[in-house]
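Asker: Chains P and X, in that order, give the protein sequences.
In terms of numbering that gives the first Met the number 0, the first sequence opens at residue 0 and continues consecutively.
In terms of numbering that gives the first Met the number 0, the second sequence opens at residue 0 and continues consecutively.
Worth flagging that the hints you see were computed from the coordinates, not collected in a lab.
Values in this document were obtained by computation on a predicted structure and should not be read as measured data.
There may be inaccurate statements among the hints.
Copies of the same chain look alike in the list, so a pair counts if it works inside one copy or between any two.
Mimicking SDA-like on lysine to any residue, the simulated pairs with C-alpha atoms at most 25 Å apart in a straight line are [to be verified]: (1) K331 x E53; (2) K100 x R218; (3) K89 x R115; (4) K49 x K59; (5) K89 x T161; (6) K49 x D321; (7) K100 x E118; (8) K49 x N153; (9) K59 x N153; (10) K49 x L147; (11) K49 x R166; (12) K452 x C475; (13) K59 x K454; (14) K100 x D26; (15) K49 x G334; (16) K210 x I335; (17) K454 x T420; (18) K49 x Q150.
Number of protein chains: 2
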Amino acid sequence: MAKELKDLTKRSVNYSQWYNELVVKADLAEQSAVRGCMVIKPYGYAIWEKMQRELDRMFKDTGVQNAYFPLLIPKSYLCREAEHVEGFAKECAIVTHYRLKNDPNGNGVIVDPEARLEEELIVRPTSETIIWGTFKNWIHSYRDLPLLINQWANVMRWEMRTRMFLRTSEFLWQEGHCAHATAEESEARTVQMINLYADFAEKMMAMPVIKGVKSANERFAGAVNTYTIEAMMQDGKALQSGTSHNLGQNFAKAFDVTFVNKENKPEYVWANSWGVSTRLMGALIMIHSDDNGLVLPPRLAPIQVVIVPIYKNDEQREKITDHVKPLLLKLKELGISVKYDDADNRRPGFKFADYELKGVPVRLGIGVRDIDNGTVEIMRRDTLEKHDAPLDNIEEYIKNLLEEIQENIYRKALKHREEMTRTVETYDEFKKEIEKGGFILAHWDGTPETEDKIKEETKATIRCIPLEGDKTEGKCMVTGKPSAQRVIFARNY
Amino acid sequence: MAKELKDLTKRSVNYSQWYNELVVKADLAEQSAVRGCMVIKPYGYAIWEKMQRELDRMFKDTGVQNAYFPLLIPKSYLCREAEHVEGFAKECAIVTHYRLKNDPNGNGVIVDPEARLEEELIVRPTSETIIWGTFKNWIHSYRDLPLLINQWANVMRWEMRTRMFLRTSEFLWQEGHCAHATAEESEARTVQMINLYADFAEKMMAMPVIKGVKSANERFAGAVNTYTIEAMMQDGKALQSGTSHNLGQNFAKAFDVTFVNKENKPEYVWANSWGVSTRLMGALIMIHSDDNGLVLPPRLAPIQVVIVPIYKNDEQREKITDHVKPLLLKLKELGISVKYDDADNRRPGFKFADYELKGVPVRLGIGVRDIDNGTVEIMRRDTLEKHDAPLDNIEEYIKNLLEEIQENIYRKALKHREEMTRTVETYDEFKKEIEKGGFILAHWDGTPETEDKIKEETKATIRCIPLEGDKTEGKCMVTGKPSAQRVIFARNY
Chain P
0 MAKELKDLTK
10 RSVNYSQWYN
20 ELVVKADLAE
30 QSAVRGCMVI
40 KPYGYAIWEK
50 MQRELDRMFK
60 DTGVQNAYFP
70 LLIPKSYLCR
80 EAEHVEGFAK
90 ECAIVTHYRL
100 KNDPNGNGVI
110 VDPEARLEEE
120 LIVRPTSETI
130 IWGTFKNWIH
140 SYRDLPLLIN
150 QWANVMRWEM
160 RTRMFLRTSE
170 FLWQEGHCAH
180 ATAEESEART
190 VQMINLYADF
200 AEKMMAMPVI
210 KGVKSANERF
220 AGAVNTYTIE
230 AMMQDGKALQ
240 SGTSHNLGQN
250 FAKAFDVTFV
260 NKENKPEYVW
270 ANSWGVSTRL
280 MGALIMIHSD
290 DNGLVLPPRL
300 APIQVVIVPI
310 YKNDEQREKI
320 TDHVKPLLLK
330 LKELGISVKY
340 DDADNRRPGF
350 KFADYELKGV
360 PVRLGIGVRD
370 IDNGTVEIMR
380 RDTLEKHDAP
390 LDNIEEYIKN
400 LLEEIQENIY
410 RKALKHREEM
420 TRTVETYDEF
430 KKEIEKGGFI
440 LAHWDGTPET
450 EDKIKEETKA
460 TIRCIPLEGD
470 KTEGKCMVTG
480 KPSAQRVIFA
490 RNY
Chain X
0 MAKELKDLTK
10 RSVNYSQWYN
20 ELVVKADLAE
30 QSAVRGCMVI
40 KPYGYAIWEK
50 MQRELDRMFK
60 DTGVQNAYFP
70 LLIPKSYLCR
80 EAEHVEGFAK
90 ECAIVTHYRL
100 KNDPNGNGVI
110 VDPEARLEEE
120 LIVRPTSETI
130 IWGTFKNWIH
140 SYRDLPLLIN
150 QWANVMRWEM
160 RTRMFLRTSE
170 FLWQEGHCAH
180 ATAEESEART
190 VQMINLYADF
200 AEKMMAMPVI
210 KGVKSANERF
220 AGAVNTYTIE
230 AMMQDGKALQ
240 SGTSHNLGQN
250 FAKAFDVTFV
260 NKENKPEYVW
270 ANSWGVSTRL
280 MGALIMIHSD
290 DNGLVLPPRL
300 APIQVVIVPI
310 YKNDEQREKI
320 TDHVKPLLLK
330 LKELGISVKY
340 DDADNRRPGF
350 KFADYELKGV
360 PVRLGIGVRD
370 IDNGTVEIMR
380 RDTLEKHDAP
390 LDNIEEYIKN
400 LLEEIQENIY
410 RKALKHREEM
420 TRTVETYDEF
430 KKEIEKGGFI
440 LAHWDGTPET
450 EDKIKEETKA
460 TIRCIPLEGD
470 KTEGKCMVTG
480 KPSAQRVIFA
490 RNY
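Work the whole structure out from these sequences, hints included.
Answerer: Shown next, in the form of structure tokens:
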């Protein structure tokens, strides 16, 4: 068994350490020389690219167009919307100078004090301000609306405690920014995008999510309303996986963006913004993987099938290679990404362990005896089950197996979430249950004060007010005041 | 005729102004609130995305993998390679602080002086330093080589004089970074990539380029050798369109990156890097467009065919729409991007001018009389020629027409470049010819001093020492010293 694999901490021993090690050992990412920033390695980036490509296609199908706005935002722009700057001021990377020079004292290169910017520039933590500053020139009449824009970009939030993919100072994301002529249209787009994210999470990532609305405490800085998708990790902690914000007219007012409506009257534009980030990589890793390494959903796996020849000499290797070639072609024709690994510097056992660690959904092993028997050994990564199968028409079998794995890991994650979701009546019960992790459904009086108290006493936050499910009224478990419906509490990443 | 079009400055009047106006009027990009940074608008970004997709495919076909490295580079990293920091120090955006706070004097939000970084961070102007700092951990044995990495990213160079797409403080690009076990392999990859860029420029952009080597003066900071592709714009100025740098062992030495070779001995790794940027957009706009607006090569046009119905009432519009529907389907089946514009808030004449301005390669106009005649009016953007054609099987005709346009604009640009390329014998002759623009082939003694003198006296630089063509020896036009071959001079963007 490969050294890397033997060394992987078990989830039951230390889930957090298991995650950190897995990210590195599976070659997804590593810490960089810059505090809180990571390097996304080729294998990790290949997964992100698959996510990007599918999300981009889904966005465009709804009429969204891509564009690109500046990385640096003038400080005065960030300050235009009061809540917005309040939310981001404490975690900004700030550009103050534009030139280095040789130190007159001979100590290498220093910042040139004469090259100080008149106005400091903020490395974008998000782009509402620069985009609405630009939209002012793009929007004049109701005929210019809706304006449906997305950008793929890097952003920076100077986080104090970082974890690869989950919370990094720089991360990659997409941010959609839409402008509408009516409040209703903007709300409909906000909901449409959270539904799109939920579809993506469930169909591509095999990750069940709960759609809901954020409480005021957890709302985006500058939003009227924030929708979220929340997923349940194996350790019972929740992970916010995507958000869509109804911004009302806040940014239109801050940047004076008006349009002439059909009645020929000026009106402020209605806005929403929505985003998912490389944080989804963290969710993907945590939700399916096991003590042997990554488990990837076939629809996002860079390598869907690996074929490992088992040989004792070059002659055997060649014989197997010739035998396997037609299968490689057939799999590629079916659009399946396949790797044939006949490298002679690693033994098959090492390769097996490595591809398990990397989460390749299906592995085929084939030796000379298999050729004589017309069979091949198939291992599926999700269950680690192995069996022999006839090589004839194996491509169709594999195609179906990939679909089955995709569905199976979704079902498994859903079953886990359901087992981890409980309803409580009293605050005492809540305090006991929250210790076991999971989603706890409870009544809440709707006030930030009560939410703060619960957070302080239990470290649990309201993940969302779910859109679907039980809508029965009740009484707040803490204050006894009226509650419109149960909300979802959890400890979270 | 549309107002926007009427207002476009003619190339013969002011080429530079024509370019600036065209970028804005064709909805490609606009200046942002941040000095020297542009907003890339959806129509411009759609062209860039087409470039990206094709380049990415071409890179991957040669074994390159994508990854992502941090935006911010520690100052000490940038300083490790002496020539490199010398080349970039004067145009760096520098992050010095990581937090804003409320001004105690009540003047809004200020940079928190207590949140000063111990070490300043540079917004990457290019990523050799952070990448070679990372490669140190990735490369141990010859078995880890070659390592073929690319990243799609934004970079910043604090330029004093900016022009949209051609020279902006922030720009988008790809930067490839390869590590090899031998000098020969690294040189071969450096040349392979400049050839790839030349293929891309010629096949996709319909832009003929000259491949060559840069003189020492024009070499990348830290490179042993820089290859370039140079294109000739309509005004007789050259535009450097892509570069590939053989970095020797400079960065491996600066970051102490060694590998154990096949003889089991430690050796520094050999490096190259190569990139193209949104500057290619500037080249694309300038090389083909005319006084009516953009001329786009069909292979990069976001909309390849536009169909404009000509109607007097809703009944006619519906009739035309029904008639056109099957054609839309057939074009889409052929992989042709088509837009049917039946918007009723703009007259056909306005639409025609607008799509000319936007460079849509083929326009079809169809009215009720055309339906009766079974014909359609076709306009090709490159020649502005119009004629009627039978609607039957028009999709095949259009497909071929798009190919013909692609070839025609390439031929036209090549003819222009050939007409603008002259050979001179004496420096007097050179001074006269350079005033007329174009590429001037002349003998040069190979010294930076002579190149500097020529630049100072004529504003012309050596664009490259061409790889192909005449290799006859001669004598330098300025000093009379020996010259190995003629080199290419031009004034340039």
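Asker: Taking the hints in turn, state whether each one holds.
Answerer: A quick look at each hint next to the structure:
Both within a single protomer and between protomers do K331 and E53 lie at most 25 Å apart by alpha-carbon distance, with minima of 19 Å and 20 Å respectively. Taking the shortest alpha-carbon separations for K100 and R218, only the inter-copy value of 21 Å comes in at or below 25 Å, while the best intra-copy value is 44 Å. In this assembly of identical chains, K89 and R115 lie within 25 Å of each other by CA distance both inside one copy and across copies; the values are 22 Å within and 13 Å between. In the homo-oligomer, the alpha carbons of K49 and K59 lie at most 25 Å apart both inside one protomer (16 Å) and across protomers (14 Å), since each shortest distance falls under that limit.
Only within a single protomer do K89 and T161 lie at most 25 Å apart by alpha-carbon distance; the minimum there is 15 Å, versus 32 Å between protomers. Taking the shortest Cα distances, K49 and D321 never come within 25 Å of each other, neither inside one copy (31 Å) nor across copies (38 Å). For a Cα distance limit of 25 Å, the shortest separation of K100 from E118 qualifies both inside one copy, at 21 Å, and across copies, at 15 Å. In this homomeric assembly, K49 and N153 come within 25 Å of each other (Cα to Cα) both inside a single copy, at 17 Å, and across copies, at 20 Å.
In this assembly of identical chains, K59 and N153 lie within 25 Å of each other by CA distance both inside one copy and across copies; the values are 20 Å within and 23 Å between. When the C-alpha separation of K49 and L147 is checked against a cutoff of 25 Å, the pair qualifies both within a copy, at 23 Å, and between copies, at 20 Å. Proximity of K49 and R166 under a CA criterion of 25 Å is satisfied intra-copy only: 21 Å inside one chain copy versus 32 Å between copies. In this assembly of identical chains, the alpha carbons of K452 and C475 lie at most 25 Å apart only when taken from the same copy (13 Å versus 83 Å across copies).
Taking the closest pair of Cα atoms, K59 and K454 never come within 25 Å of each other, the shortest separation being 39 Å inside a single copy and 49 Å across copies. Neither within a single protomer nor between protomers do K100 and D26 lie at most 25 Å apart by alpha-carbon distance, with minima of 38 Å and 39 Å respectively. Taking the shortest alpha-carbon separations for K49 and G334, both the intra-copy value of 14 Å and the inter-copy value of 22 Å come in at or below 25 Å. Within a single copy, K210 and I335 get their C-alpha atoms no closer than 32 Å, and across copies no closer than 38 Å, so neither meets the 25 Å cut-off.
When the C-alpha separation of K454 and T420 is checked against a cutoff of 25 Å, the pair qualifies only within one copy, where the shortest distance is 18 Å, while the shortest distance between copies is 74 Å. Taking identical chains as interchangeable, the C-alpha atoms of K49 and Q150 lie at most 25 Å apart whether they share a chain (17 Å) or sit on different chains (15 Å).
Checked against the numbered hints given earlier, this structure breaks hints 6, 13, 14, 16; the rest are met.
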